[in-house]
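Heads up: the sequence lines are chains Y and X, in that order.
So that you can map any letter, position 364 of the first sequence is 373 in this note's numbering, and since no number is skipped, the others follow by simple counting.
So that you can map any letter, position 163 of the second sequence is 172 in this note's numbering, and since no number is skipped, the others follow by simple counting.
Heads up, some of the hints might be wrong.
Just so you know, same-sequence chains aren't split out, so a pair can sit in one copy or run between any two.
Claimed, not checked - Below 30 Å or equal to it, Euclidean Cα-Cα: the simulated DSBU-like pairs (lysine-lysine) are:
#1 27 - 58
#2 230 - 123
#3 119 - 251
#4 119 - 100
#5 230 - 119
#6 230 - 347
#7 367 - 251
Because the hints were derived from the structure by calculation, they are not lab data.
Here's the letter readout for the chains.
Number of protein chains: 2
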Amino acid sequence: MALVVQKYGGTSVGTIDKIRNVAQRVARTHDDGNDVVVIVSAMSGETNKLVAMANEMCEFPSEREYDVLVSTGEQVTIALLAMCLQSMGYKAKSYLGHQIPIITDSASSKARIKEIGQDNIRQDLAGGSIVVVAGFQGIDAEGNITTMGRGGSDTSAVAVAAALKADVCEIYTDVDGVYTTDPRIAEDASKIEKITYDEMLEMASLGAKILQIRSVEFAKKYGVVLHVRSSFNDNPGTLVIKEDSEMETVLVSGVTYSKDEAKVSVLQIPDKPGIAASIFSPLSDASISVDVIIQNISTKGLTDITFTVPRTDLKKTLKIVEETAQKIGAGGVTSDEKVAKVSIVGVGMRSHSGVASKMFSTLSAEGINIQMISTSEIKVSCVIDDKYAELAVRVLHEAFELGSKKD
Amino acid sequence: MALVVQKYGGTSVGTIDKIRNVAQRVARTHDDGNDVVVIVSAMSGETNKLVAMANEMCEFPSEREYDVLVSTGEQVTIALLAMCLQSMGYKAKSYLGHQIPIITDSASSKARIKEIGQDNIRQDLAGGSIVVVAGFQGIDAEGNITTMGRGGSDTSAVAVAAALKADVCEIYTDVDGVYTTDPRIAEDASKIEKITYDEMLEMASLGAKILQIRSVEFAKKYGVVLHVRSSFNDNPGTLVIKEDSEMETVLVSGVTYSKDEAKVSVLQIPDKPGIAASIFSPLSDASISVDVIIQNISTKGLTDITFTVPRTDLKKTLKIVEETAQKIGAGGVTSDEKVAKVSIVGVGMRSHSGVASKMFSTLSAEGINIQMISTSEIKVSCVIDDKYAELAVRVLHEAFELGSKKD
Chain Y
10 MALVVQKYGG TSVGTIDKIR NVAQRVARTH DDGNDVVVIV SAMSGETNKL
60 VAMANEMCEF PSEREYDVLV STGEQVTIAL LAMCLQSMGY KAKSYLGHQI
110 PIITDSASSK ARIKEIGQDN IRQDLAGGSI VVVAGFQGID AEGNITTMGR
160 GGSDTSAVAV AAALKADVCE IYTDVDGVYT TDPRIAEDAS KIEKITYDEM
210 LEMASLGAKI LQIRSVEFAK KYGVVLHVRS SFNDNPGTLV IKEDSEMETV
260 LVSGVTYSKD EAKVSVLQIP DKPGIAASIF SPLSDASISV DVIIQNISTK
310 GLTDITFTVP RTDLKKTLKI VEETAQKIGA GGVTSDEKVA KVSIVGVGMR
360 SHSGVASKMF STLSAEGINI QMISTSEIKV SCVIDDKYAE LAVRVLHEAF
410 ELGSKKD
Chain X
10 MALVVQKYGG TSVGTIDKIR NVAQRVARTH DDGNDVVVIV SAMSGETNKL
60 VAMANEMCEF PSEREYDVLV STGEQVTIAL LAMCLQSMGY KAKSYLGHQI
110 PIITDSASSK ARIKEIGQDN IRQDLAGGSI VVVAGFQGID AEGNITTMGR
160 GGSDTSAVAV AAALKADVCE IYTDVDGVYT TDPRIAEDAS KIEKITYDEM
210 LEMASLGAKI LQIRSVEFAK KYGVVLHVRS SFNDNPGTLV IKEDSEMETV
260 LVSGVTYSKD EAKVSVLQIP DKPGIAASIF SPLSDASISV DVIIQNISTK
310 GLTDITFTVP RTDLKKTLKI VEETAQKIGA GGVTSDEKVA KVSIVGVGMR
360 SHSGVASKMF STLSAEGINI QMISTSEIKV SCVIDDKYAE LAVRVLHEAF
410 ELGSKKD
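Take these sequences, add in the hints, and give me the full structure.
In structure tokens, the structure reads:
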């Protein structure tokens, strides 16, 4: 007998009928002799409806009251799912954040979990109950309701799984698992059977939007085995786990891309200590997240700095950077919205040389110019002209033989 | 400076704009130098929508989960009202049942309040905050969410007012106050300035559906001054208070009626000890509430028993009573759906004789036959043919000079 934590997102519980389907899957897992804890999101559309009410009420709703409002979405789902399981003859009990309790810090709308009570859940499981938990919400030390940001139910699920030392945390979603790349671009993209936490973190932050990043960090920290799978079929999905020796034999696990990038260059900067800080501190103060940064070698005491930001932040970025450029006596600022970032991810590249150069030569063979390069231990990213993004993904996917994994 | 508890029902908070109006009224009370605690219901229609979801999910939703579901309605309102007050520049904080806490027994969907915490509210009031409390909901000793039945927000408000020893508990509704009778029947019905708890209890249970009966019992027990008034204008409403000497000079405070009655007679019952119990125990077991009961004087060892039940329960009642009649050897069972109950209510009648006989002669003068009579210390009720109900209300209202109170 195993202890299984299952998480169902908003599209999986979007209607009364879909909640019935979820109940059947939960019941089957219970019938197989497992203890089951289910974490659910709000029915799809509900959170947006609640947010719209808050925005209609006032321009800047207080975060505390915002959390009181939006946390009702998950409350509706847990009640309906528990009712449904009971009507099918199962013992079931719903739990709100404060009933478990899921204790968070007091950062409304982006709270972080600090502690999870186990006694209530364990007692119910021991009594044969299926436990249904509201995702996304917790309570702070003063008893205020908090929520954990969009996608927060993933983190709720992983945190509950970690607290209970569950055998697996199944994340049900509307796709079959994590793919080697976007199947809309490379038809032969194949489902990845196993992936490490670090690879998943790179994949997620690079644009494969399947799991809230924080939930993967949490799973890594506590060694929670994640199983990302579809709620609409019984296919095995992707296991997100600790690195094992077998996984190192795979050079590259996936190819990701992002087209939401813009490139900014500050030219002819007098090269003095502290210029980087003077450029990037004002951006950080404005909550603009800077991604790839390169600085040219200084010639004649002048240097150039180029970096990428989310395309939606370009206007704000330019306004700030142009002020800075004047202040530090730079020659000028240029920008380009038409860039994309293509990346390869894989723990295997740590112990194999030549992965990066294979990426560069593959792009070069197609006449794709690499504008910027950024590397980490398990990732190489190239910034290129965005019109080549799909082509780059396809040729890299082929070059690293990712399609061939398919049956 | 006074401590004012205000309660706004579903129609008063039915839309974002109506919540804004409520916020303005609350703010004005605060500006006048009062401490204000506001109790709100779910936006009108919301509770029905949630109940419909439960019923769509399964035929007999568990009461625990039902309460988890429907209590979200009030949670939405408190968040929106608190946001609105904050956007107007006031300090405000919302409270759920578990945050105060409002401790109830564990009777899901019809919980009774056992204890109310004061510390959190008092601290916020001392800090200059307006406190916004979710009505209708509480939490039991095990931390389960409970609700208090339809109209439960009235009881929440009175209980909070009692706990805080508030100067007044204002119940805002869509009418101006409590009237001497239904203005749709007697055009000159006048608003009652002051009424005792006992009169209000008789008025409420007799069909003037303004307040949840339990809230009036609670107010009486703890001496909470109630002020029933309209949320759509600034007219003073009706004060519900302890009896004072002045009130006894008024013979009759109001005339009420109910057309939801049915009459059942069990005929020719062998008159033995225990027959009443044998007839009424099975009805009580079936949760049918019997109202007026009369038993004829026994002749030749046989007696008749006649009683009224809610018209909607007549079918169920007849099925049960016919079985009982056979068992106890009664002669037969007859019923009449076309009856109404007309009542006069007033603490003054305790110290004045002749009130009942004036009622009987007034009805008789109009040729209205009285089928059953029931009296209490401050009330006389007559069961009559339902086609005369409106006529009876009008002539009684006139006979006791209730219309003349009008300006």
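These are the hints, each one checked on the structure:
1. In the homo-oligomer, the alpha carbons of residue 27 and residue 58 lie at most 30 Å apart both inside one protomer (19 Å) and across protomers (18 Å), since each shortest distance falls under that limit.
2. Taking CA atoms no more than 30 Å apart as the test, residue 230 paired with residue 123 passes inside one copy only; the shortest distance there is 13 Å, against 44 Å between copies.
3. For a Cα distance limit of 30 Å, the shortest separation of residue 119 from residue 251 inside one copy, 27 Å, qualifies, whereas the shortest one across copies, 51 Å, does not.
4. Taking the shortest alpha-carbon separations for residue 119 and residue 100, only the inter-copy value of 23 Å comes in at or below 30 Å, while the best intra-copy value is 33 Å.
5. Taking the shortest alpha-carbon separations for residue 230 and residue 119, only the intra-copy value of 19 Å comes in at or below 30 Å, while the best inter-copy value is 45 Å.
6. Taking the shortest alpha-carbon separations for residue 230 and residue 347, neither the intra-copy value of 37 Å nor the inter-copy value of 73 Å comes in at or below 30 Å.
7. For the identical chains of this complex, residue 367 and residue 251 are intra-copy neighbours only, at 27 Å inside a copy versus 90 Å across copies, given an alpha-carbon limit of 30 Å.
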